[in-house]
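Given the coordinates of chain S, work out where chain D should sit on it, guided by the hints.
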Amino acid sequence: MSAPNTIDFRTKQFRAGSFFFTGLTGLATVLILAILAIILTDVIVNGWRTLSWHFVSSIPTKDFFDRNTTGVLPMIIGTASRVMVMTLFVLPVGVITAVYLTEYAPNSSVVTRIIRAAVNNLAGVPSIVFGLFGLGFFINFVGKNLDAVLHNPTAVWGQPSIIWASLTLAVMTLPVVIVATEEALKAVPQGLREASLALGATKLKTILKIVLPQAMPGILTGGILAVSRAAGEVAPILFTGVAYYMGSLPQHLTDRFMDLGYHVFVLSTQSTNIEQTEPILYATVLVLLLLTFALNLVAIFIRANMRRKMRSLH
Amino acid sequence: MAEITLPKINPLQSRPAGTGPGEPLIKINDLSLFYGASKALKNVSLNLGEKVVTAFIGPSGCGKSTLLRCLNRMNDLIDNVRIEGSVSIGGHDIYGDNVDVIELRKRVGMVFQKSNPFPKSIYENVAYGLRLHGMKDKSELDGVVEQSLRGAALWDEVKDRLHSSALGLSGGQQQRLCIARAIAIRPEIVLMDEPASALDPIATTRIEELILELKKEFTIVIVTHNMQQAARISDYTAFFYIGELIEFDTTTRIFTNPAKRQTEDYVTGRFG
Chain S
1 MSAPNTIDFR TKQFRAGSFF FTGLTGLATV LILAILAIIL TDVIVNGWRT
51 LSWHFVSSIP TKDFFDRNTT GVLPMIIGTA SRVMVMTLFV LPVGVITAVY
101 LTEYAPNSSV VTRIIRAAVN NLAGVPSIVF GLFGLGFFIN FVGKNLDAVL
151 HNPTAVWGQP SIIWASLTLA VMTLPVVIVA TEEALKAVPQ GLREASLALG
201 ATKLKTILKI VLPQAMPGIL TGGILAVSRA AGEVAPILFT GVAYYMGSLP
251 QHLTDRFMDL GYHVFVLSTQ STNIEQTEPI LYATVLVLLL LTFALNLVAI
301 FIRANMRRKM RSLH
Chain D
1 MAEITLPKIN PLQSRPAGTG PGEPLIKIND LSLFYGASKA LKNVSLNLGE
51 KVVTAFIGPS GCGKSTLLRC LNRMNDLIDN VRIEGSVSIG GHDIYGDNVD
101 VIELRKRVGM VFQKSNPFPK SIYENVAYGL RLHGMKDKSE LDGVVEQSLR
151 GAALWDEVKD RLHSSALGLS GGQQQRLCIA RAIAIRPEIV LMDEPASALD
201 PIATTRIEEL ILELKKEFTI VIVTHNMQQA ARISDYTAFF YIGELIEFDT
251 TTRIFTNPAK RQTEDYVTGR FG
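Chains as they are written, first to last, in the numbering used here: chain S, 1 to 314; chain D, 1 to 272.
Rather than coming from a laboratory, the hints here were simulated on the basis of the structure.
Check before you lean on any hint, since a few could be wrong.
Just so you have them, the derived chain S footprint on chain D, three or more residues with Cβ under 8 Å [as the list claims (entries may be wrong)]:
hint, stretch
1, 73-82
2, 105-116
3, 122-135
4, 245-253
Ideal placement from N, C-alpha and C gives every residue a C-beta, glycine not left out.
Only chain S is shown next, with the shape it has when bound in the complex:
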């Protein structure tokens, strides 16, 4: 028997409901983790066997479907360079756009709303369309005209290459960077801007010295998301730079390149001997995962370093 003064506020129904939803959310989490675990385990276990120093450090000489003669060095270099070149373009352009939208553009103006709508629509465009855009705009328009202006006897700029593939990817990932940067800028307290302006700082000084440093971790998060998305994308580079096979490493930004993601597609669709190719396929996927992870790790490390510096300045 309970004491007469004891009051139980929770009804049985509430507890049952609470239990049910806790269980449901837990189940959803477990499901997602399980899927991730299955994919990773499968790739790691099967890929690890074929992965060797020779595999990641050599250029395939004659047959890249044969595990003894193949290697993924050109693909690693290709994917890494297109992602890095893309980052060089997308970060400044995205950040400057976001600064304009949040700090300068009048919030209610039609122009601002049109830009925002355009950015959102850009995020919804299928990636193959970006590939076609890159071919049409960067290669056939910009590149061919550059060649004409520079009087190049053969096509230098007007053909698929690392630079155009990277620019195409930059256009594709621009919304990611803009949205992340805008969120980061909005999260900087208005009071900090006012404090700086009240001390006689110009708006530009305030943005450069106070707002952007404060928003930098958020901006880098945008960069990380862009890198992750771009590293695995194949469609935008199909027409803009990727090569099925190259006997040597790319030397210039205007060279074509081999790519890990595209190579996975090639291995899984073009092989005549599936049994022989499957181990290579697994190892290539593992290398792609590791490379994406490594690229992210660099950005995450920079961000963590920045946050630590901000928190304790000593």
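Frame of chain S, contents of chain D only:
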């Protein structure tokens, strides 16, 4: 850089023509301010003396903070704000043509309601404004930083951790740091927008003591919700109600023998 039309003036030595000793430092003449179509300040005229503390009091939405922010043109940051009338400081119309807002804000510092130290070290917070205005020499910076922190009664508490984050300070310390930051660039006027409203009573007392100390060197205009605070620290008090200046007089008169019924009702706590 825009032409600097507000020359550096030591109000005690060189005065612009027409202002003799005892002339008000800040002259607000028939000032109205509109947010879009709504009139937030209605034909306010007010003269504020130098090296005194003037308090703006009144119920929320009476326009006291808006008026304060007119004095360093912080309202410029808000879209759709229109101003009529004039404000002159030291004989210069601050809403006139060719006014360098940067120079104005150097001379009219501000402390905000919510303490807003930069996420930098204590030292860098104070040095920020100094660097902004061109001070580079390390020993000169060190000296002014120390002097400002002493001026804000914070030096003894932070001298051993000048290079650790300002965000590690308590609320009251942060607000005093903001005061140190404001006075570091040697303004003539310091505007304070409810500087103690988010602080506990002990921290509030320290800020009030500090204000009394600062008035020896600076002209202080303070907005406050706290009537006792206005009575304790100010020499003059202006009472506002729905955008209008109802009464302006010495603090003693406002609190003991106000001329207007509305003022009396407010300071005695009958409304607001």
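What hints, given by number in increasing order, does this structure fail?
-> Violated hint (a single one): 4; every other hint is consistent with the structure.
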